[in-house]
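> Sequences are here, hints too, so could you generate the full structure?
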Amino acid sequence: MLLIRHSNRANNAVRTTSVGGELFVASVVICMILASFGDAVDPALFGEAGLEFAIFDFGGELSVLAMRHWHLLQLLLAGAVLGVGLLVLRVGANTVIKALRPADRRAEEKVPIRL
Amino acid sequence: MELDFLSAGFVSALFAIVLIDLVLAGDNALIIGLVARNLPKNTQRKVIFWGTFGAIAVRAVMAILVVYILDLPGFMLAGGLALVWIARKLLTPEEQGAENHLVKGPATSFAGALRTIVIADAVMGVDNVLAIGGAATGNVLLIVLGLAISVPIIVWGSQLVIRLVDRFPSVVLLGGAVLAWTGYSMVVREPLLASWFEGHPATRLVAAILIFSISLAPWYTARMAEQTKPLVVILPGVLVWMLAFEVVASVWTLQMDYLRATETGEYMLEAARWLGWLPLIAGYLWARERLMLRRAQAARS
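Protein sequences appear in the order of chains A and B. Note that the first sequence covers residues 1 to 115 in our numbering. Note that the second sequence covers residues 1 to 301 in our numbering.
Hints may be right or wrong, so weigh each one.
Said to hold, decoys possible - With the Cβ distance kept under 10 Å, some of the chain B side facing chain A (calculated, not the full set):
1. Gly9
2. Val11
3. Leu90
4. Ser158
5. Leu174
6. Pro201
7. Arg204
8. Ala207
9. Trp219
Derived by calculation from the structure, the hints in this document are not laboratory data. All residues carry an ideal CB built from backbone N, CA and C; glycine is no exception.
Encoded structure:
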C-alpha cells in the first residue's frame, strides 16, 4: 500500500487539489507536450531557411523547437510562468467583463460608483 | 545519456527521483506492524530491525538490476509502458479501508515474518525502482542518490510524506505528470524503435499525447461531464488507430502519403486511414449506450 493512500486528500488528489495547484500542473503538462513537439520536428529541416522561418513564425510554432532539450526544472519554471500568466489573464478578463456588464433595470437610477 | 554532476540535467533528474520517491513510497511500517504483531516483544524488535535491513537490501539489489535490465533491447519500451500504468494507478483514488493483499496475516515465526516483509517490500518497490531507473537515464550516481533518499523515507519519513501530500495534494498530480514524462522519454529512448522514430518524427508527438492522455485520464475524467466522458476512450483510440497505420506502413512498406498515391488501392488505404475509425467509434458509443441502459434497467428492477 502506498503512503499517500493514508491521507484522504492525497488519495483523492484528482478532486481535492486547489485550482491554483491544478493550473500549475496542467501548465507543466502543456510545456511537456510542447517540448515533445520540439522533439518531433527535426531542426535541420529548417536550417537552410532559418531566417525566413523565423520571420514568418508569427504563431510561435517554431519557437517551441527551443524546448526540445529542456530539463524537468526548466519545464516546471515554464509551467509556473504559464500558470501565472493564465491566472492574470483570467483576473483581467473577469474585471473587464464585470465592468462591461449593464446595470440592473431596477437599479438604473442608482448608478453604483465604487472607489 | 551522460549528465555532469550538478548540471541542470542532473539536478532535474534528481528532483524527478525525489518526487517519484515521495509519491510511490510504500508503507513498510504498516507491513512490519501487521506481520510482527503476534510475535513476542523481544522477537518483534528483531523483526523490525532485520525487516527494515532486508527491505533496504532488496531495494539496493533491485536498483542495480534495473540499470542492467533497462540496457537490454525492448525493456526500455516495456518499462515506459509500465510507468504509464503506474501513473494511472497513482491518480486513481483507492477505496479507504481496502485490505492489504501483500500480507495475509500475522506471522508465527521470525523467519516467516522476515520473508513476508522482504517479499512485500520487493513487490511494493518494483514501480519505485523502475521509475527511478528511467529518470536516472542510466547514471549510477543518480540511482545511488535515489536509493539514499528512499531509504530514510522507508525507515523514518512516512509521517512526513503523509503530512506533505495531505497539505499539498497537487504533489500527487505532479508526480503522475513526471511519471508520464519519464515513461514517454523511456519509450522514445528504446533502441529497437530509435531508427523508426528518426524516420517518423511526427509519431513522437502522437506518442507523447497518447501517453499523457492515458496516464492522466483519472485526473481530467473527474472534471468532465457525463456526456463527454466517452472522449476519454475515443481520443486515445483515434491516436492508436493513426499510429497503427504508420507502423503497418513501415512493416509492409506501403504508400501512406495521399499526395503520392496513384493507384486505387492506395486511395482506399488512405480512406481507411482517415475515415475507418468512424464506424468503430459509432459502434463503441452504441455499445456504451446499450450497456448504460441495461444497467439503469437492472438498478430500477
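> Each hint should be assessed against the structure and marked as holding or not.
Now the hints, each set against the structure:
{"no.": "1", "hint": "Gly9", "in the structure": "holds (5 Å)"}
{"no.": "2", "hint": "Val11", "in the structure": "holds (6 Å)"}
{"no.": "3", "hint": "Leu90", "in the structure": "holds (8 Å)"}
{"no.": "4", "hint": "Ser158", "in the structure": "holds (6 Å)"}
{"no.": "5", "hint": "Leu174", "in the structure": "holds (5 Å)"}
{"no.": "6", "hint": "Pro201", "in the structure": "holds (5 Å)"}
{"no.": "7", "hint": "Arg204", "in the structure": "holds (4 Å)"}
{"no.": "8", "hint": "Ala207", "in the structure": "holds (8 Å)"}
{"no.": "9", "hint": "Trp219", "in the structure": "holds (5 Å)"}
The structure meets every hint from the earlier list without exception.
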